[in-house]
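Asks: One letter stands for each residue in the lines below.
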Amino acid sequence: MSDFTIERNEASAPFFDAAREGRLLIRRCTVCGRLYPPQQRRCVDGEPLEWVPATGAATLISWAVDHGAAVAPDLLSAAGDGSVIGVVELEEGPWMNAALPGVDPTQLRDGMPMRVEFAVFGEAVPVFLPA
Amino acid sequence: MSSTSDFAVRAAIVGLGITETGPVYGRSAADFAAQAVQLAVADAGLRMDDVDGLLVSSGVSGGVHIGLAGQLGLTDLRMLSHISQAGSTAGAQVQLAALAIAGGLATTIVCVHADAPLKPKVKSGDAYRQAAGGAAAGFAGLAMVAGPRTPTAGYALAARRHMNHYGTTSEQLGAIAVGQRQWASKNPQAFFREPITLEDHQASRWVVEPLHLLDCCMVSNGGVAVVVTSAERAQHLAQPPVHLWGCAQTHPGYRMERGSAWGLRSGAAISGPAAMAMAGITPRDVDVCEIYDCYTYTVLITLEDYGFCSKGEGGAFAASGALAPGGALPTNTGGGQLSSFYLWGMTPLSEAVIQVRGQGGERQVERHDVAVVSGNGGVLDFHSTLVLGAQPRA
Ligand SMILES: [Zn+2]
Chain R
1 MSDFTIERNE ASAPFFDAAR EGRLLIRRCT VCGRLYPPQQ RRCVDGEPLE WVPATGAATL
61 ISWAVDHGAA VAPDLLSAAG DGSVIGVVEL EEGPWMNAAL PGVDPTQLRD GMPMRVEFAV
121 FGEAVPVFLP A
Chain U
1 MSSTSDFAVR AAIVGLGITE TGPVYGRSAA DFAAQAVQLA VADAGLRMDD VDGLLVSSGV
61 SGGVHIGLAG QLGLTDLRML SHISQAGSTA GAQVQLAALA IAGGLATTIV CVHADAPLKP
121 KVKSGDAYRQ AAGGAAAGFA GLAMVAGPRT PTAGYALAAR RHMNHYGTTS EQLGAIAVGQ
181 RQWASKNPQA FFREPITLED HQASRWVVEP LHLLDCCMVS NGGVAVVVTS AERAQHLAQP
241 PVHLWGCAQT HPGYRMERGS AWGLRSGAAI SGPAAMAMAG ITPRDVDVCE IYDCYTYTVL
301 ITLEDYGFCS KGEGGAFAAS GALAPGGALP TNTGGGQLSS FYLWGMTPLS EAVIQVRGQG
361 GERQVERHDV AVVSGNGGVL DFHSTLVLGA QPRA
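Residue numbers (my numbering), protein chains in the order written: chain R, 1 to 131; chain U, 1 to 394.
Some clues are possibly wrong.
Covered stretches of chain R, going by a simulated chain U footprint (3 or more residues, C-beta under 8 Å) [as the list claims (entries may be wrong)]: (1) 4 to 11; (2) 20 to 31; (3) 37 to 49; (4) 64 to 74; (5) 84 to 98; (6) 119 to 125.
Just so you know, the hints here were simulated from the structure itself, not pulled from any lab data.
Beta carbons: idealized from backbone N, C-alpha and C, even for Gly.
Could you put the whole structure together from the sequences, leaning on the hints where they help?
Replies: Structural data, given as structure tokens:
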């Protein structure tokens, strides 16, 4: 198994600082207030973004079970065959791709409530589990 | 007085070159590209000296670039470009060639795509998979954990959303794979020709659930080229002309947020109707469809978006047998990327040329006056559509 690690950079440092404290940050336009997932660099209107907290509550939009080599053993499904990944809709509106570690994919349902947790791979990263 | 979309009706595809395809080793992508161009020019009954435009496309292995002109000994070209739109490239190449011909920039333009990602003793899936392990910086590291890490994983998420929303099933996707294999069994060039059943599809391993192995295209080495010239000149060349009736592109740029149609509706929903409007047709007028089929699900959502069935009914439409030999809408009649060969948008385009000409042999469809061709790249991010006709457009 791999020992995958994330190395922070300048753009992601505030996000990983908050994640280490168990807080999920997302992006908000400083001008129009539109919200974006963490990796967004600019608002669609070209204005700069700022970091704001998200509640970490979400609903499940889609999921898939990747049977290729797992990035890390911690990301395997409950049954251990494959890694479950998903798309979640944050309560605030933006969608995020996220790992759903340790879940049983047969228990997942469209629109089911999810909540953020954090898993550490060098840096803490948000993952989502059924609420 | 000509309308703004008149350029399309003046162009025709007059030459087609397809190299050996599949696990063919010892040749570079540039070698395949050069051979495809020469085959296409000869097929048209033209000489290399007649070529005054070249539009090249390189696959995942790279290695095809504008230097191909020099390699081919082409001189004094009036147009030379590298077009890079992933799976939507072939349609874009033909569209650009038609515009250039209508605008008087060139008269005889070859569009070529080649790739050589397969190497002896390397798993074909690794050509498109990022390596696991190691370190990644910043949000790229987050994306490694969050996925999707492969195109297959991205399409699996999109397909699951379609299933969630419309009740589409894996068995319905399987009907697409089974039908295309039936077509492939009639195509001597197809790599996979052994018939498969729905049970085979269901029993094939998960690549990324809900996509089985038999929902996924193969990876191929090879090259395909087409020659585009004016409709007038096309009447006097070696092959039955394949006239361009309509073309369009749409690159949807999904906003991934509440209310997004991602996975439910793609760029095909705009590109398809636009190309058919330019052609002056509706889906009812289409005799044969050649639809980009990186995954079975891609065929399903594209046919829905093009209006061949209602939105959400693609699964039932496929399961009815409509796409298979003998069905109401013959689709991917060479076996497609799932069963024949995978050279991006040149796979559906080349089969459309063969069918419109009436040169499909055992797999030739009875009515072949109008064909629709799709190209698709990214994870439903880039889309092109061509409408081709056996006659000059009325
Ligand atoms: Zn803004």
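Asks: With reference to the structure, classify each hint as holding or not holding.
Replies: Quick rundown of the hints versus the structure:
Under a criterion of three residues with beta carbons nearer than 8 Å to beta carbons of chain U, the stated coverage of the region 4 to 11 of chain R is upheld, 7 such residues being counted. With 0 residues having a Cβ less than 8 Å from any Cβ of chain U, the region 20 to 31 of chain R misses the three-residue criterion, and the hint is violated. Only residues whose C-beta sits within less than 8 Å of a C-beta in chain U count toward coverage, and the region 37 to 49 of chain R has 4 of them, enough to reach three; the restraint holds. Look at the region 64 to 74 of chain R against chain U: 9 of its residues bring a Cβ nearer than 8 Å to a Cβ of that chain, three or more, so the hint holds.
Check on the region 84 to 98 of chain R: 10 of its residues sit with their Cβ under 8 Å from a Cβ of chain U, so the three-residue criterion for coverage holds. Residues of the region 119 to 125 of chain R lying with their CB closer than 8 Å to a CB of chain U number 5, which satisfies the three-residue condition for coverage.
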